[in-house]
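Keeping the supplied structure of chain G fixed, place chain H upon it in accordance with the hints.
Read off the chains here:
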Amino acid sequence: MAFPLGFWDLSLWAAVTAIILLATSELLSPYYGRTRLMINKKRLRIVALIVALIFLASVAYRIYEIVAKP
Amino acid sequence: MQVTIPSPITKPGPTTLAPKLEELKKTEASIQAQTSRARHRSSSALIGYGLTGVGGLSLIISVAFTSTVLAFIGLGLTFWGALLLFIRPRHYVRTDLMDSTALSSLRTIDRVITGLGYNEKGIYIPVGNPEKTVVFIPSQPLKQIPKAEQIEKQTFVKNPEGITIVPPGMALANLFEKELGVKFSEWSLEKMTERLPKLLIEDLEMVQDCTIRTEGDRVSFKFVESVFAEFCGQLKGSTKVCGSLGCPMCSAMACVLAQVTHRPVKFDEDKYTVGGGTVESSYLLLTS
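As they're listed, the protein sequences go chains G and H.
So the first sequence is residues 1 to 70, counted in the working numbering.
So the second sequence is residues 1001 to 1288, counted in the working numbering.
A couple of the hints might just be wrong.
Claimed, not checked - Derived lysine-lysine pairs resembling DSS-like cross-links, with alpha carbons at most 25 Å apart:
1) H/K1191 with H/K1158
2) H/K1153 with H/K1266
3) H/K1121 with G/K42
4) G/K42 with H/K1158
5) H/K1158 with H/K1178
6) H/K1236 with H/K1222
7) H/K1271 with H/K1198
8) H/K1178 with G/K42
9) H/K1183 with G/K42
10) H/K1191 with H/K1266
11) H/K1222 with H/K1183
12) H/K1147 with H/K1158
13) H/K1198 with G/K42
14) H/K1222 with H/K1191
15) H/K1147 with H/K1183
What the hints assert, rightly or not - Some chain G residues close to chain H (C-beta under 8 Å, calculated; not the full set):
16) M1
17) L5
18) L44
For the record, the hints were derived by calculation from the structure and aren't laboratory data.
Heads up, the beta-carbon is just placed ideally off N, CA and C, and yes, glycines get one too.
Next up, chain G with everything else stripped away, as it sits in the complex (with noise of 0.2 Å):
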């Protein structure tokens, strides 16, 4: 018994992620969409931030690994 998903499963589904939620609260800004959507749009940003960041660090990761382990 083990997850079975691994550290670039996991990096694939947050830069998915990271795409909806920055687009989604993109859409909600008050500056663009207009909408009257009743949800906290500043805990949406920071969320989207964040995953986006997770993803940036995985992908910067990876990075390190092919210079530092050819």
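Okay, now just chain H, sitting in the frame of chain G:
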């Protein structure tokens, strides 16, 4: 042999029962509030808990059966469920409800001020006390702006004759400070022009657009689709408060200006567009 006679059972009087009754009433109110909260739990919360539960279950099954598909489904459902719970809005209040609550108190202020003969435009004066700004409404046109120390501790001022009150937008200005985590007295006018619109549009979602223009000693604000637009319109139609003190939003801006510039601020004029919900207000920075 000593015999102890049991003391007669004392009937609880009204004085002993009253605190108990009070306590029971409080408990009842608390239980009722809890029941009501549980009954009216929002659908978004239920969906959030549901998604998180199903997602968690899916993750456990994926570990048991080593299934990648189930793991992805579980991860997604858990994440979106948790996100739905995290981004739920704070308690929102309809604007007409907010307007109805504040309108009568401002009408009362207007009646008192005009009844006492203070008909001139209010002057926002920065003071050192915790209220930070007071508004002075003179009964006659002023020859000289009074000093803060002269008026801050009095309500009815004799020389020059006028009334000193806490501005209707003071609490709103304090909220701006709290949200920004700064003190307006440490800001410059340029910094305010730069940072205040973002707070009003993005963080507090009070307006759709905000423009601040400075021309010498005159500062103008333009708010598009302000949540206070309708309230401002109602106030303008029924009272003189809008002309002398400004509606809560305009008053808050005057408080902010007084604190930022450390100068007395005179509310000059405001324009209200019925259809677009646009409010334009301008202020004059005075020299004390």
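Hint by hint, here is what the structure shows:
| no. | hint | in the structure |
| --- | --- | --- |
| 1 | H/K1191 with H/K1158 | violated, 37 Å |
| 2 | H/K1153 with H/K1266 | holds, 20 Å |
| 3 | H/K1121 with G/K42 | violated, 39 Å |
| 4 | G/K42 with H/K1158 | violated, 49 Å |
| 5 | H/K1158 with H/K1178 | violated, 35 Å |
| 6 | H/K1236 with H/K1222 | holds, 17 Å |
| 7 | H/K1271 with H/K1198 | holds, 22 Å |
| 8 | H/K1178 with G/K42 | holds, 16 Å |
| 9 | H/K1183 with G/K42 | holds, 22 Å |
| 10 | H/K1191 with H/K1266 | holds, 21 Å |
| 11 | H/K1222 with H/K1183 | holds, 23 Å |
| 12 | H/K1147 with H/K1158 | holds, 13 Å |
| 13 | H/K1198 with G/K42 | holds, 12 Å |
| 14 | H/K1222 with H/K1191 | holds, 17 Å |
| 15 | H/K1147 with H/K1183 | holds, 22 Å |
| 16 | M1 | holds, 6 Å |
| 17 | L5 | holds, 5 Å |
| 18 | L44 | holds, 5 Å |
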